[in-house]
Every structure is written in C-alpha cells, then in structure tokens.
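Novice: Next come the chains, spelled out residue by residue.
Protein chains: 4
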Amino acid sequence: MSKSDFSQSLLASSGKPQTAADQIPIIARFAVSDRAKETLNLVEKFVEEECIPADTVFHSQIGEGQKRWTTYPPVIDHLKARARKLGLWNLFLPKNHFKEGAGFSNLEYGLMAEWLGKSRTASEATNCAAPDTGNMEVLAKYGNDAQKKEWLAPLLEGKIRSAFLMTEPDVASSDATNITLTMKRQGNEYILNGTKWWSSGAGDPRCKVYIVMGKSDPSNNDSYKQQSVILVAAGTPGVTVQRVLSVYGYDDAPHGHAQIKFENVRVPASNIVLGEGRGFEIIQGRLGPGRIHHAMRSIGAAERALEWMIARVNDTRKKTFGKPLSEHGVLLEWIAKSRLEIDAARLIVLNAAIKIDESNAKGALKEIAEAKVMVPQMALMVIDRAVQAYGGAGVCQDTPLANMWAQIRTLRIADGPDEVHLQQMGKNENKRHRDIVEKLKVQKEKADHLLNEHGVQQKSKL
Amino acid sequence: MSKSDFSQSLLASSGKPQTAADQIPIIARFAVSDRAKETLNLVEKFVEEECIPADTVFHSQIGEGQKRWTTYPPVIDHLKARARKLGLWNLFLPKNHFKEGAGFSNLEYGLMAEWLGKSRTASEATNCAAPDTGNMEVLAKYGNDAQKKEWLAPLLEGKIRSAFLMTEPDVASSDATNITLTMKRQGNEYILNGTKWWSSGAGDPRCKVYIVMGKSDPSNNDSYKQQSVILVAAGTPGVTVQRVLSVYGYDDAPHGHAQIKFENVRVPASNIVLGEGRGFEIIQGRLGPGRIHHAMRSIGAAERALEWMIARVNDTRKKTFGKPLSEHGVLLEWIAKSRLEIDAARLIVLNAAIKIDESNAKGALKEIAEAKVMVPQMALMVIDRAVQAYGGAGVCQDTPLANMWAQIRTLRIADGPDEVHLQQMGKNENKRHRDIVEKLKVQKEKADHLLNEHGVQQKSKL
Amino acid sequence: MSKSDFSQSLLASSGKPQTAADQIPIIARFAVSDRAKETLNLVEKFVEEECIPADTVFHSQIGEGQKRWTTYPPVIDHLKARARKLGLWNLFLPKNHFKEGAGFSNLEYGLMAEWLGKSRTASEATNCAAPDTGNMEVLAKYGNDAQKKEWLAPLLEGKIRSAFLMTEPDVASSDATNITLTMKRQGNEYILNGTKWWSSGAGDPRCKVYIVMGKSDPSNNDSYKQQSVILVAAGTPGVTVQRVLSVYGYDDAPHGHAQIKFENVRVPASNIVLGEGRGFEIIQGRLGPGRIHHAMRSIGAAERALEWMIARVNDTRKKTFGKPLSEHGVLLEWIAKSRLEIDAARLIVLNAAIKIDESNAKGALKEIAEAKVMVPQMALMVIDRAVQAYGGAGVCQDTPLANMWAQIRTLRIADGPDEVHLQQMGKNENKRHRDIVEKLKVQKEKADHLLNEHGVQQKSKL
Amino acid sequence: MSKSDFSQSLLASSGKPQTAADQIPIIARFAVSDRAKETLNLVEKFVEEECIPADTVFHSQIGEGQKRWTTYPPVIDHLKARARKLGLWNLFLPKNHFKEGAGFSNLEYGLMAEWLGKSRTASEATNCAAPDTGNMEVLAKYGNDAQKKEWLAPLLEGKIRSAFLMTEPDVASSDATNITLTMKRQGNEYILNGTKWWSSGAGDPRCKVYIVMGKSDPSNNDSYKQQSVILVAAGTPGVTVQRVLSVYGYDDAPHGHAQIKFENVRVPASNIVLGEGRGFEIIQGRLGPGRIHHAMRSIGAAERALEWMIARVNDTRKKTFGKPLSEHGVLLEWIAKSRLEIDAARLIVLNAAIKIDESNAKGALKEIAEAKVMVPQMALMVIDRAVQAYGGAGVCQDTPLANMWAQIRTLRIADGPDEVHLQQMGKNENKRHRDIVEKLKVQKEKADHLLNEHGVQQKSKL
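The listed protein sequences derive, respectively, from chains X, E, W and P.
Here the first sequence stands for residues 1 to 462, numbered as in my numbering.
Here the second sequence stands for residues 1 to 462, numbered as in my numbering.
Here the third sequence stands for residues 1 to 462, numbered as in my numbering.
Here the fourth sequence stands for residues 1 to 462, numbered as in my numbering.
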C-alpha cells in the first residue's frame, strides 16, 4: 500500500465527521430505512451528548452500604424523560412481531444498540435495558391479557423493572433440563422451592416481578416438557434475596446480580405463562434476540474503548523512548487490528440481525451463535489493549475500561459458555459430513476416470 | 444453547443440500441479481464436478525437468473450452467499468471467485486467473487501441498469458517509489536495465507480455511521477529469465515465479502505457480489485480445507482414545471456529466488494485493506488445522492442503506485507484523534456541569 | 504417545502426594540446600493448612465504609505470630547480601514465594509482602544507621508497614526521568510538592513511612542525577491521601492503592537516602528482585487456579452434553496447556533467580525482564481458563479467581508496561546485529568458495 | 525499565562474542562438565564455520530426477571425515547407558544438538542424524550380538543408514496397537505383508536396514504383546518403495519419506529384536530421547531464524515509512518475543534432558511430552516471523527459513500429534483431582472453623 493511496484516503477522511448513519457498513445500508437512519443519528447525539456525561452523575449517585440496593440514581429519571421526548423509547421491539415498540427491524435496532452500548445509562434511559427487554418480549409474545396489563404495561412505560430467574448454583446452567427449582401445583397455587442465582436486576428496588423457570413436571418423559415459567411478584412471602454476586470487584449496584431463595413460595396458578410444561418453548424464544442485543452493545463498548485508546495515544504528556505514543508501531498496530476486528464482528452481528428479520430467531440459530461467541471475545481483546495503553488509569476508576471489560467478560459465560456453543456449532457443521464425504468420493472417481481418459498416470507414485 | 434449539436447526439443515446461491450470506443477498445467482450455481457445478477432478490430471501432466517450463498441461484447454461453452468466461471484469466482461458486479464476481478458489484449474479455465485479470484491467482501462489490439484481445480470448513485473530483489518492494529498474528514452525506444523478481506467471511458455514498472524520470521532484509502465514482449533481446523461485518447495510450474534480468532491453516507446510518468497512477488502479480477488479465492480455499477436515474427522478408520475423531471436542471446536472465522472473513470481503461497486477501489481503501490483511491469516489458520487433523497426509501430496497453505502464505507478503498495511490502517484510524480528544473533553466538561447541577460530588475521591 | 507409556506414568504419579521439595524442577534442584528444602515444605504446610483457610477470615474481617482504611483484619496478627514461631520470617532477604534475613538464596526464596502467592495472607504473615520487601532491601542496603533504626528495625519486626511513592499521574511513569514531584532544599529540610499515585499499601493504617522519589535537581545535565529518594513519615503535615484507586472494582483494602498529594511538605534533610541525586541508583537496585518476587507469587497463583480448575472439572454435578466436564477434550487440553505454560514460566523465573544469585540484579537484567513479561501473561491465561470453567462462580466472590486475575493484571503495567520491556529487550537483542551480519557474510563467502572447490554450481538458478 | 538499566546491559553485551558454553542458561550450567563445554564450543565452530557453508554445496549436489534417490551429495563424506577427526562423532549416545558413544549426558548432548540443528548437514556429519540415532539406541540396547555386528557396527561407523518403519497409512498411527502389517512365523522365517509410510531416510541409497514394527500375534489378549520388531535388509524380495512423500513441496532428497509395500517378504526369524511380542517395549524405549533430540535441534533452528531476522532488520537497503526496519517497534517486539520464547522452550528441553539423565525416559514422560509439544510450536512461530520479515525471500530458496519451517511443521505430527499428547497430559494432570478436591474441602472446613473461632460471619452474604 503506497503513500499516495493513503493521501487519497486522508483527504476522504479529513472532511467533516461522519454521522452514525454514514458509518453503517455499506453492505447493510440498503436494508435501513430513512426513518431508522434519522433515529440512529438522534441516538448517537443522545448517547454522546447526554448519556455519557450523565454516566458520571449516575455513578456518583449510587448509594453507600445498604443504600446501594434501596435507592437508585435520580439522574436516570431525567434521562428517561428526555429519551421519551426525543422518541427514543422501546426501540428494541422488532416491528414485524410487536406493535408496542418503536417500529424498527432487528437490524435497525442493532445499529442503535451499538451506540447505547457506549454508555452505562443509555440502554435504561431508552427503556432498552436487559433483562427487561427480553422479559417484555416474553410477556408480549406469551403473556395473557391479565399478565400483560399487570406487568407488561408498566414495563413498557419504564415504571417498574424485572428479573429473569433461570440459572441455578451447583448445576450446569447452560442446559435448561438441569433446572431443580420445584413448582408443585396445590389448588389454585404453585408452591416454589429452590435457589436461583445470577438473577440480574433483582437488586434494584424498582424490580417488581421475577420471571421464574422451574420444574413443574419433573417426571415427564419428554425432558423438554418438564419446565414451566411463572411470574412471581417481588416481595412474595418466602422469597429471600440472599446476597449479591460481584463481577470481578463490581457489585453493579443498584442493578445487582442476586442469589434468591424460594421457600414454599405460593404463587397464583394464573401467573403461569403460556401454560404448564411450556417453559422450554418460552426460554428458546427469549434467548435469541437477547444474545444479539448484548453483542450489539458490546460492539459499541469496543468502539468506545478504541476512542479512549486513540485519545491516550495522542496524549502528548506521555512519551516513551522519546517519542509520543502515536508514533509507536506496536500501538498503531493495536489500533489497526482493533478497527479490523470490530468491523468484522459488527458484520457478523448485523448479518444475524437481518437473518432474524428475514426469518426469526430459530431460523438464525447459526448466525446468532456466531455473534454470541465472536463479539465478546473481540470486545475483551480491544478493551484490554486500551487498558494496557492506559496503564494504571486503565485498570482503575479513571477510565470506563476496566468496568466495561468486567461486564463483557460475563457474556462469555451467560446464556451458555462459549465452549458449549462451539461444541454445538461444531456438531451442527459436522452434519454436512455425509454430503462432503460423498462429494470427495465422487470427485476422486471422476479424477481417476479423467486420468484414464487423458492417458495420464497420477503423479507422485514412484 | 439447549438441545432442542439444535434439533430445530438439525431439521432445517437436513433438507437437500443448499446451492451456492442459497449460501450467500443474507446480508449480501439483496445485492445479487438473479442472473448472477444462476451463474454462481453454474460456477459451483463446474468447479466441483469438472475442475476439481481435473486438478489431478493437471498436476500429473506438468512436465519433468526443463519441460516443466516449456509445456503446460493439455487438460486446461479442455476446461477452457468447456467454460466458454457454459458462459463462464471473463467473469471478473466489473460491469460498471468494462464492457468486455461477463457483466457482473464485484460483489457478484466475488461470490463466484470463492468457488474458483477451491480448485487449482478453475480460475484459469474461466480466464479469471491472476495476474492476467489485473493485467487485462490495466490494458482495458489505460491501454491505447493498438495496445489493446495486440495484447488485450488475445488475453481476453485466453490465447496468451501475461506477467506483471514490479517487485525487485534487495529493496522494500511494498513502496513503489523504491523501484530501481531504469527506463531511458532513446529516440523511439526505451532502454531498460534492472532486475525483477516474483514475476508470477512468467514461467509459462504461453506468457507473451510483461507489464513492467520502471523509473523513467528518477530525478523528478514528485516521487510519484518518476515511474512509468511499459509493455515488453516476452523474448525481447536482453531479457533473461534467470531462475524460478520456489514457495515452500513448490515451483508452481508451469506458472512459475520468475527472476528476470533486463540488460539494455530496447522497447518501442509506443509501448508505454498511459504516458510517461504515470506508472504510479496505473499501479494504484491495479492493486485494489486484485487484492479482493485473492481474498475471495482464499475464502474458497478455506472452505475446501474445512470440507477436507470434516471428511477426515468422519473417517471411521481413524480412532484415538477409543473414539472416532468426530467425537473429540477439540476437533469439533476447530470445526466451529473455522466456520465462524470463515463466515466473518467472507463478510469483510463482500463488504469491500460492495464498497468498490458503489464507489471504486480508491473509495474502498479501508475495506480492501481489511480484507487484504484478515483473509489470508484466517485461511492459513483454517488450513493449518486441517493439516494437523490429517497428520502425515496433511503435509504431503495426498491432500490439497499443504499446497494451498503455501500459496496463501505468500498473500501475507505480496502487494505489501501485513505489517505495512496495519501501520497504514493504524495511522489512518488515528486521524480521528482530534475529533475524539475534543469529544472526550466536551463530555468531561458536561459531566462536571451535570454533577454541579445535580449537586453531586464525583465519587472515588476520598 | 501410547497408552502403556502412560500407565507407567500413572503408576508413578499414583503414589503418595509429592512434597513441595519433591516438586522443584529437577534442573534447579541441585542448587537448593537441604535446609531450604525443609523450609519449603514447611512453607507449603503453613500456606495450605493455615493461611488459605485464614484468607476467608481476613476477607470477612475487612471493615465497611471508612473502616476499610482505619482498621485491619486481626487474623493477620495470629498468622504472623504463628509464622515467626515456625521460623518463616523475612525469608526474602537474600543471604549473599543481607545478614538480617532468614539466610536463603533468591532461588530458594523464589521456590517459597511461589507457595506464598497461593494465599492472600501468606506473604504478609511471613513478613514477605510487597512493597515492604523492596523497601526493607532499600533501607538495609542504602539507609544510614539512624534510618535503619527508625524504619528498618520495625519493618523487619513486622510492626509497621511502608509504601514506595514513585509513579505519578499524567506522565509516562515507566521512565523515572519523567518524575515531577519537586524536592527543594531549605535549610535542614526539603520541601516536597507534587502528586503520587498507585502508592500501594498507603491505605493501611499501619503504614508509617513513605519512600518518596522526587526531583531535587531538575536542571542537572545528567538526567539520571536529578532524582533523590527521601523518607517521609506518614502523617507529615501537607501530605493528603486523596483517594484510593480500584483495580477492576477491588479497592484492595486495607492495603489500598493511594493517590497522595504533597503540598509544601517539610521533611528533615537527614531523611534523604544515600545522598542527594542518587535516587536513580536506588530505584534500580530496588526493582530487579521485586519483579522476581511478583513473578514467583504469580506462579503460585496460577498453580492455585489450576487446582481450582481441576476441582471444577471433577465436580460430578456439572455435566454438559451428558458427560462430566473431565471427559471434555477442550477442558483437558486447557489443563494440559496450563500445566505446560506454568512449568515453562517457572523455569524462566528460577533461571533469573539463579542468575541474580550468581551475579546480581544488574547482571540478570535480561533474565529478569523475561520473567517480568512472561509470567503475568501466563498466569492471566491460566486463571482466565479457570474462570471460564467455573462460569458464574468464576467471575464472582465464590472463587479466588477473579480477584487473583485482577491483581495479576496490574503486573503487566507496574514497573513499566510489557511493551516498554519488549522494546528494550528487542533493542538489546538487536545489538548482536553486527556480529550476525558479519557471520552470515563470512558463511556465504565460504559457501561460494566451497562450491568452487567442489566444482558445483549453486542450484536454483535456471 | 529505565535507560540506564540497559546501558549497563549494553556494556555487558558489547564485549567479545560469547562462546556456546557461555550461552548455556545459568540454571543448567552446573550440570555440564568441562569436557562437554569444550566439545560444545568445538561443535559451534564446526557448525558455523564448516557445516553451514557446506549446506549450500550439499543442496547443490543433490541429483535431478531419478538421481535424487540413487546418489547422495559427496560433500557429506568430507564433513564426516572432518567431524571424526575433531572427535565430534556419535555424540548422542548417553554415557550412562551406552559405552559406544562419546560419553556425554543427555543434557550435554542436548546443548550440542541445538547447534547441530542450525545446519542441514551437521547432524549427519557427526553421525547424530535421525532416524539412525534412535535406531542405534534400539540395536545397542535390545539387539543381540549378531544383530549388533551386522547392523550396529556399520551404523556407528557411519557406513550405512537405516529407517524405522512404524507408521501406516489409513490408521491412526499415534497408537501402536492400531498397526496392521502382519508378521507370520513360518519355519525359520517371518512372512511380512502390509504397507508402511513416512519411512524417513528410506529414500537414501545408503539405507541398508529397516527396523520394522508389525503384528506377530494379533489375537493376543494383551494388546501390548501383539507387536514385534524385526530387522529387514533393504532390497529383500517383496519390498517395494512405492513413492516418496513430500513435505509441503520438499521431497527431502536423498533422505526421503517413503511409502513401502511388503508383499510376502521373507525375513529370517533370527532378525527379530528382543523376542516376539516385545515390540511395544522397544518402541517405548526408542521414542523418548528421540523426541528430545528433535526438540533440541528445533531450538537451534529457531536461533538461526532469529539471527536471519536480525540480519534482515538491519539490512539498510530495506526501509518502510522512511525508517530502517530496525526502528520499527513491531519488528523489535517480534525479536524480543522470539528471544523470550526460545529461552523458555530451551529450559523446558534442558529440564527434560536432566530428568532423563537422573532417571530415564520413562521417568521423564511428563517433561518429554512438554518439550515435544512446546518446542515445535515455538520454533514455527519464530521462523514464521522471520519469513514475514523477509517477504518474498523468506518463502523461497534464498533463505533457509521456508525449508526449516516445513521440516519442523512435521514435528507437530510425528510420534503422535500435539493434540493426542495434550489430551494425555491433561488426563495425567487430572489424576491429581482426588487430592485436590480433598484439599479444597479441608481448607473450606478449616475456614468455617476459623470464622467461628474468630466470631466472624463470612462476608458477601447479604
């Protein structure tokens, strides 16, 4: 690549800063409506100009001691009001399945979610924060009218928050058939006993409902019909939030990742979702798009880390070997690789998003799994490079980097560890083996035939 | 990821084998015409059913000793006749720039080139082989009528072949300004002196023309105006093919990578392309799409390696630790990672192809550089895994793997080593630094203002 | 490798558990005295049976809120008493330089430090914790009698703790010449102004002395004579601990990594160490062995992570794909690679330790730098694998893994980032270039001569 | 790391070049006799001054066409004569097991083998080339007097060469129980039928004996008693060398990796080694030290690649971005990492060598496996960096790099692929699981007890 190649590109890039819409990879641009492009630009502006500055306030307003879990930072309510006013609300609900949302496709929301992922507050501000998003999808898709009225409506309004209780300590939680929390029908109630953990969001005082996966029919021959999903109001007698789990040293207050004990918790049978024994069906519908949302936000986090790395490298107070950091080839290579890795990962996510739009989450299993595995690994790498470039400032509270790293590190584990997904992807890919073996066999036969036809002896036999 | 998730996906994938068109990533599918899809399926069929079987014949027909360079495998002529009959000819010339080709976009040809890359003979059979493709583009774009008639016409007909002579031993060839071959005007002729190497294709007896980059005006103040490109007929007095360079033991006969000496070689001045001092301009136009072609073919090579790996893993004669290889988790993970890495790399290439289609090679510099760097590294990794899975058969002539690896290894070097591209990509990305530093500064000021407004003290000061 | 190979090894390893001394790599065993072997076994026993169980108590006794920094866990005093009784005290002071220590070589202490690194409390319990160790070395080596009496004696007794204040925010701290804290002589005092951060241990209420590096002669032409080291009593007027820095969310209380402001702090001139302008000399002597200590402890941390990984993999409650984790090839490969990587890193550290023993830290610069760069990267990889194997339990407080990872992550930054060391190692290695270029030239000439002598033409010219 | 640190080291390294003995890692130096050190320096001199220059002659003397396999380069006989004269002969036979050798330990030979590995001819010149070394060990250890007289004596004299025939196509050759070549006793003869491949050295016209592993008792219940080893004279009727396998594109003439067919080959029963059914025993004894030899030579190859890389980087004709390559940080980092990785790998090999010296190959299984897996991967990485630094010259015949890479690539496969060794190492390491699980359980109980004793509640429960 020659110098003048790049003088060209320099000229190209030295114009005025590109908008978020300008930055959509060209391969995906055709599938984005003009309305989505305008909204995307608005999201960018809201995140960069309002949410990121508010992140500092949010962080500083988190309580001390027990108050970490009984209060929440007031600044978030200002941001939510502002987002609603801007029309940036419930962006995540895909238009082809839900009428309640803002009317965007998964691809279009994906592009927006990338920007949301740059800020700690932006997702919640726009009512697009996990786990509420997945929970709202579950309620919208599978809830009955009463359930929707009681829980979905206030969730869509951003008035309450929710948690999804599936994972349990002491079992391999990546496989839902391992679940042990029991749900016994007794009259008009179910009695729940068991323990859940990594119940994210259950630390928040605004969390009013738990969507709980349990075993209602543990002896059913079909191991995928043993589970049910039931709605449990926070504060129901017998429910104890035992402790909050930390992620590296972060407790993620007020959100929190809770361990919750159920001791003879009585829940109205009418709170069952979709029907007894249909828990598996629900869980499946829930996981797909959620994985994409996490991936999308992680792309944004990686972009922010790259921005911080670039800022560091151009901090003229920092010199080593007598040169500013921006002239060190190793750091320039980190920047280049980060750019390339982010761009490749983004295409993988956007391709999955379009696949969901064109079929649905089940039809996009391969594409979703690819995004689920690839993106967090990429983002961790990019963020870790930025940490290293910052040195002491990178690992502490003076940059957003260490916290972003820790948050994204959990994504390699949540909803199944990378290794389980890779095994399954390997098995699926390997299903092609019969076709492949047959094809190679036929090719070899044809080659032998052709050799004969051309009167040639195959080479490399002595 | 649960079992039943994948039973679904199993059902989905157990239907009849997908065509090449079915396999286009959904994100790119919208931009592919129906005619291109039909042609793509035809390419797949031609490659899998005719070219790959013919590869064995091709390999076996290569001569021994000096005959490696004075003859060529006759089977290629059968394949070329067949390809023309099928309409698979000059697929590479993009429709928006050239009328002489088959009328496809870079994206569409990219999808086809992937299949061509699975076979040693397919690219040449369809008249889409490097370096002729790039050379034809140069002649079509920059050649005058006489030059076109003499060289472009027979190249488009597949009657002759060509070489591109730019790289020189003993200088850093990634920068064209370092070129030392001299071109001195003397009357109606240029006198050429110097040495070129890595002149790929110059070993072939059918190679009739060299496109030579030299310095016609070495003292020009503008270091990008010192170079010119001139057409030299093979066999011109003073031209000596000194030796053929091997690539990891392969001499790549009859193609060959030649070292060629020019001693007082007299070339008609009318053979200059575009005009004296315009060599740099030509070189730039040539490199972009060529990089994409290599990348596209490498994707195909990686796909073929993955097919061979899957075949190996399902070879029931191979067992370790009492289990067939297909039940070994490490190998399944290799398959999964290979699938994922190929898919990500393909999206990077297709995105670059669309970018070229929508603007041109100059407008797609970033995207082309990303493909140039990412794809060969990915393909080498995938192929090396397959080699390792095959053991002894992987490194020797019993599989196509070792040879594919060696070919693709050169792509990390050709047209500039990865590291030069990464440095340049890093510098370009770093051009954002002023905007970023300013943005972070403004965000900090806003945060301070907000803290004040909310009456909060920033946390983490004691 | 055949089955019966390993039946053999099975028999070998199924005997009674090896002691710590048995586990010394054979290559280093010859250099370890019998007394050191006995002490090593005692250290193992003390760490595994007393310190690791006490870690939980230590963690639970750390205060809440402001008390995190005004109290310290009482259990540590029990452990210290116990260690002294066992003779496990001041093990780190190398016998060939200091009479105050336990009389071991760097190699011998290195083997012990590995075990200390498995526990949060063991280093402090044996009075071998950073930064006191390096500070005691400085005082013992460079302090005058009064300084020794006032500070070294209580440090050696474990009665007080200390901090080393070198790094500053906003400059590239890897180069000591960048230091900005000023020390101005005024009568019998120095006036200190400036800010230090990453002053580890300064959070502890027992920390009574700061060893401070400042610029006493900023205009000295020799940039290595501008610095001095002075002892500052904690609580000296003008000294403010501004805040504590977190490491991936951990505040590391009561130890703490402090940011400390010096405003017109008056320090007796007699507190200067070694003499004005000799700060650089002191810093150099201090860093070498300290890097080795960190590396040694990190080896122990990696071993502990591997133990936890093995425990997890054999937890029969955890199954995926119907198999216990211990039958999953990917996890077995992680275990194998971890074993290999730990073993290689340990040899690098032990080789550096012997090199220091045989010469001194200056003579072992290459070996120390190798350990400094290699070990933390290795340990982070091993720990991260263990985190991944544990899933949710790995990232939270239920295992020691996440905290160990965060602690060790700082070692890639502290005392100069990896990249600075690698650049310097590269430059040093590159100093061989003249000899190498000359050797290759001579070899080529001899080859040409030999070709001639044997009447052979060099091959691969056509 | 500060500048003046390294000025020191600069002074140290700018003295006169170190001898080979000076370069022995200090950790291993104590175990090397003075005689070995002197011999080591002699080996260095012989390799650098005589063998490496002779490599070019050797390469150029290899025949063309069929003559590649019927002649061998005469220069090798000059080198052999020279080596014998210098006393550099049969260095490999370890003194504690064999009286026939030069009387060095495995460690001492290991250090020498590193230098031998830098040259193509040095191992053969000193009669230390594979597979003869392992074959001589087998004959010396297990052969009877007649066998020794007929085959060992001329091998020790360097008069004939030999091959070891174990691996077979179409089975997983890493497990010797899979072997299918049949050996049927008939009177005083065994009748052999089957096919072997990767019979390295069988291409050489001087190869006079094959050591063949076959199944003499396929129905034996003990699957490790089914195999026997028998000596077959080259040229025995029924033996056909079918073809030579290439390694990447290299045929490795005249050595060659042969595929050999046995059709009713009659071999005297007296040629059986050690006794019928004892093949497994023999194979085991053979593999251990051989793996170490390969590893040792690979260290030398990596050192040579690093030397070439340094030479390249200091080639002042090569500039990119206006700077000589030696000022590019990325390349300096490659050099530094290579230095570090080579040094770590060397310690792993030397530790294994000492372990063999102190016990034997069986007692050093873990250490040998570590070297077997680690060293080739390291060497491939280092060589590949050098290839990349050279660009076109790196992949072709103008440097020794591509060929070295291809040779070492086979070591990741030969004698069992890395993955099989890693699985076995993982399983072995995992045998500690009972002890570990018990230890962690006891530690937890003690912690609970201590918490109680100290009256503390465990933290991080709400």
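Simulated from the structure, these hints should not be mistaken for laboratory data.
Errors might be hidden in some of the hints.
Stated by the list, open to error - Straight line, CA to CA, 25 Å or less: simulated DSS-like cross-link-like pairs of lysine-lysine:
no.: 1; chain 1: W; residue 1: Lys67; chain 2: W; residue 2: Lys45
no.: 2; chain 1: X; residue 1: Lys319; chain 2: P; residue 2: Lys337
no.: 3; chain 1: W; residue 1: Lys323; chain 2: X; residue 2: Lys427
Novice: Out of the numbered hints, which ones does the structure contradict?
Specialist: Of the numbered hints given earlier, the structure breaks just one, which is hint 1.
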